[in-house]
Amino acid sequence: MPCRCVSPAEHGNIGNVRIEVERMTEPSSSGDLMRQPQTERDAELYYRDDEISLYDLFNVLVDRWWVIAAVFLATVLLGGAVAFSSTPSYEFRSGVDIGYIYRGEVATGDRYRLIESPDASRARLAEVVVPEVRRMLAATNEAIPRVNVEVRESDAGLVLISSAPASQVGLVEELHTQVVDALAERHQPLFERELALVVRQLEVRAAALDEELTSLREQAELLSERDHAAGAERGIVALIDAQRTSDLRRDIATVRSQLAPVKASIQGAETVSQSTQLSFLVSQSEQPVSGGKALVLALSIVLGLMGGVFAALFWEFVANARRARKESL
Numbered sequence: 001m002p003c004r005c006v007s008p009a010e011h012g013n014i015g016n017v018r019i020e021v022e023r024m025t026e027p028s029s030s031g032d033l034m035r036q037p038q039t040e041r042d043a044e045l046y047y048r049d050d051e052i053s054l055y056d057l058f059n060v061l062v063d064r065w066w067v068i069a070a071v072f073l074a075t076v077l078l079g080g081a082v083a084f085s086s087t088p089s090y091e092f093r094s095g096v097d098i099g100y101i102y103r104g105e106v107a108t109g110d111r112y113r114l115i116e117s118p119d120a121s122r123a124r125l126a127e128v129v130v131p132e133v134r135r136m137l138a139a140t141n142e143a144i145p146r147v148n149v150e151v152r153e154s155d156a157g158l159v160l161i162s163s164a165p166a167s168q169v170g171l172v173e174e175l176h177t178q179v180v181d182a183l184a185e186r187h188q189p190l191f192e193r194e195l196a197l198v199v200r201q202l203e204v205r206a207a208a209l210d211e212e213l214t215s216l217r218e219q220a221e222l223l224s225e226r227d228h229a230a231g232a233e234r235g236i237v238a239l240i241d242a243q244r245t246s247d248l249r250r251d252i253a254t255v256r257s258q259l260a261p262v263k264a265s266i267q268g269a270e271t272v273s274q275s276t277q278l279s280f281l282v283s284q285s286e287q288p289v290s291g292g293k294a295l296v297l298a299l300s301i302v303l304g305l306m307g308g309v310f311a312a313l314f315w316e317f318v319a320n321a322r323r324a325r326k327e328s329l
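The sequence shown runs contiguously to residue 329 in the working numbering.
Derived by calculation from the structure, the hints in this document are not laboratory data.
Don't take each hint at face value.
[Claimed, not checked] Estimated spans, in silico, between C-beta atoms of each pair:
| no. | residue 1 | residue 2 | range |
| --- | --- | --- | --- |
| 1 | Glu-174 | Lys-263 | 39 to 45 Å |
| 2 | Leu-197 | Arg-217 | 27 to 33 Å |
| 3 | Arg-217 | Glu-132 | 57 to 63 Å |
| 4 | Arg-217 | Asp-155 | 42 to 48 Å |
Just so we're clear, the structure is a prediction, and the values are computed from it rather than from any experiment.
No residue lacks a Cβ here, since even glycine has one placed at the ideal position from N, Cα and C.
Full structure from sequences and hints, please.
If you want it as structure tokens, here you go:
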């Protein structure tokens, strides 16, 4: 405990000697740190070593500018090489009309009935037909474009979509043609069965109307013959027969008006009905669908800057780690 003797002259009180004791109330930072346990002192030192300010970060980037420049230049050169060496791909579309049966003017619902729903045909193409055709073409070609199938909402048809370079337009045409031919081959039995069913129904109805028309004609002829045989002596009976004859003629006209569209529907079902086929083949897009050269170069510039910054920070970290390791040895 340090102490100091103060003379009476210093305080103006002669004869009184007072001893003032001064204590150290606040230790110095270095002394306080020396009195801390070893583990706490190490933790504080490590904590201070991990701190970095924006100024330090800026200095690191400035000192390691050559790392940033090297990574940036390498990335841009690589992106430029990829952009100018890659071949642009275009989108090719082909339309598919699903087979339908013309049911005629007498149909109570839709006059045209698809032999298979668009969703079912799309699933058949995506899961069965397209993989089979691509496997067959892969035996003679190196790279076969993929085929995506979409449903046309406007007319319930299908669209085949492929992406390929313009030089492979012939391969895309062959691919789409074989896909549609394979689908049409699978649809043909359905088409023939549905067509036969519709024609049979129309023929049965036409036969019934023909039979009804024949019966009405026979009744009208009998009444006409009886009227001629009886002459004017029949009176009221003749008037009744005349009314019946008029009704029969009206019924005959009605049946004829019903029979004509049925017969036309039979002919139309056989001629208007259409099996599955291509509606248009390989329509090429005007612009490439793959990333353009400008986009690739822009991405390479951004990635080059980011990669350069990270590389500079990592380089600084490695240098500091090696220096700390040497100092500790």
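So, going through the hints one by one against the coordinates:
1. Glu-174 x Lys-263: 39 to 45 Å: 43 Å, holds
2. Leu-197 x Arg-217: 27 to 33 Å: Holds: the Cβ-Cβ distance is about 31 Å, inside 27 to 33 Å.
3. Arg-217 x Glu-132: 57 to 63 Å: 59 Å Cβ-Cβ, so the 57 to 63 Å window holds.
4. Arg-217 x Asp-155: 42 to 48 Å: At 45 Å between Cβs, range holds.
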